[in-house]
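Residue numbers (the numbering used here), protein chains in the order written: chain A, 192 to 446; chain B, 381 to 632.
Worth double-checking, as some hints may not be accurate.
As the list claims (entries may be wrong) - Simulated DEER-style distance windows between Cβ atoms:
1. B:TRP446 / A:GLU272: 26 to 34 Å
2. A:TYR341 / B:SER392: 20 to 28 Å
3. B:ARG468 / A:ARG332: 26 to 34 Å
Since the hints were made in silico from the structure, they are not lab data.
This structure is a prediction, so every number in the text was calculated from the model and none was measured.
The beta-carbon is built from N, C-alpha and C at its ideal position, and this holds for glycine as well.
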Amino acid sequence: MSDTMAPPGDTDTDDFDGPTEVLAVEKHPRAIRWMHWFNFPILSVMIWSGLRIYWSFDFTRVPGEFGDNNLIPNGFYEALELDRKLARGLSFHFSFGWLFVLNGLAYVLYLAFSKEWKHIVPRIADLKNIPATMLHEIGLRDAKPAQGQYNVMQQLAYSTVTLMGAIIVATGFAIYKPTQLWWLTTAFGGYESARAIHFLMTVGLVGFFLIHILQVVRAGFSNFWSMVTGYELEDVPVGSASTHVDIDDEEVANV
Amino acid sequence: MSDQNPRRKTMSPEDFDIRGRRSFLTGLIGLGLATTGITALSLQSAEGDRIPGALRNVHDFNSAIWQAWYSPDRLAPTFDPSEARPIRVNGRHGVREEIDLDQWTLDIVGPDGNTLDTLDIDDITALPFEAMTVEHKCVEGWSEIVTWGGTAFANLAALYPDAAEADFVNMRTPDGIYYVSLDRESMLHPQTLLAWELNDRPLTQLHGAPLRLATPLKYGIKQIKRIAQIEFSNVRGPDYWTERGYDWYSGL
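Based on the provided sequences and hints, a complete structural model is requested.
Set out below in structure tokens:
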């Protein structure tokens, strides 16, 4: 990601000695970009309203001893005005939850039908690249293992976060309808267990978000910008096979 | 490298600049819409409600979905009575003052507003008794396994078959401070009890003596304590916590 030795879009031209030209190459299809950015406000509202719900009963708190023993200190809730807003929290959570479900379903269906799930699910053979990729990421190894759209660590992160999204939805329904969907609640070890898993998945998503932001900053602006425009400038071999897109006639691209 | 499509889409750097400007504008508009939309929503307040009107509508939309999905055959998991634990008193609305339990009576009101019957506790406890050990859940998020003892509400409803055809069951405390309204289907569910025992002992006054509602189909906010009046009605009656911003259905 951050190596300066290779030209932009290094992996394709590593072994190429012929003439190259700078072209904008597609990185992220339109559907992925829209779903990616939709997810940001939706997930923000879900976490914000979720904390308003969580405030009224922290599962590390012992019933009958309100106020003591919280995982999250009360000052945190008060500073962000998350305290004493349970009814509002619930109303936002049970509304925006549907948007999260729809966006997530659209994402999974898109990956399935476009076969782009192959971009984020690591192949068994690539798992051996984990140590080398990590060493490269932290600057202890120059050479970057061969990769497709994403390196093996990115693949693990993106597929894990997708799975976590599915678990957070399933546990969400398990604690939302523990009688009418009792089998789902039971599958997660009961009501309190499902609620704890739901919360831990949120912690996981926030953890992913922080690492994601760090990595995006490290990768630089043009990588970030490709999630907005879909394209990134690269040095590519002259005449290399590609479908050229004209800005005002994008349908050509789908041929 | 290997699974990279060799026929990748490309465009000229000049077109990419144009596209960048368009995407930037789209992003800016999107960001603006999302921010104003969410802000407007959270500032929106409906008269007589504590949550935005649009979100109240979603609560009702969700209720319609879950009422359609509802089946009296789906039961809340039950536990061994040895797993039951003492439960704390969380709400005192309507039970704050002690009452003389010997003076307590229960009015049964029909859909036309007429009092059909006035019962005392012996009339109630004469109905078939059953105990159930279930997880009691608070809308705040905590839960506790408890054993309720009482009679299925359906047993009482069976005494007034015509009135019990009504869509809603509205209940209130003797002082009228606390009141709830529930849908007929949930009230007639086999696990919805009129309870007079908690963990094998008579209810304490703060837990709702002499008679309260106990059902694993609803959060605790709907399980009214110290019931003084049961009204079968075709009109959804007032509901204490719905007026304070909570979902009316609150179905589990």
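So, going through the hints one by one against the coordinates:
no., hint, verdict
1, B:TRP446 / A:GLU272: 26 to 34 Å, "holds, 30 Å"
2, A:TYR341 / B:SER392: 20 to 28 Å, "holds, 26 Å"
3, B:ARG468 / A:ARG332: 26 to 34 Å, "violated, 57 Å"
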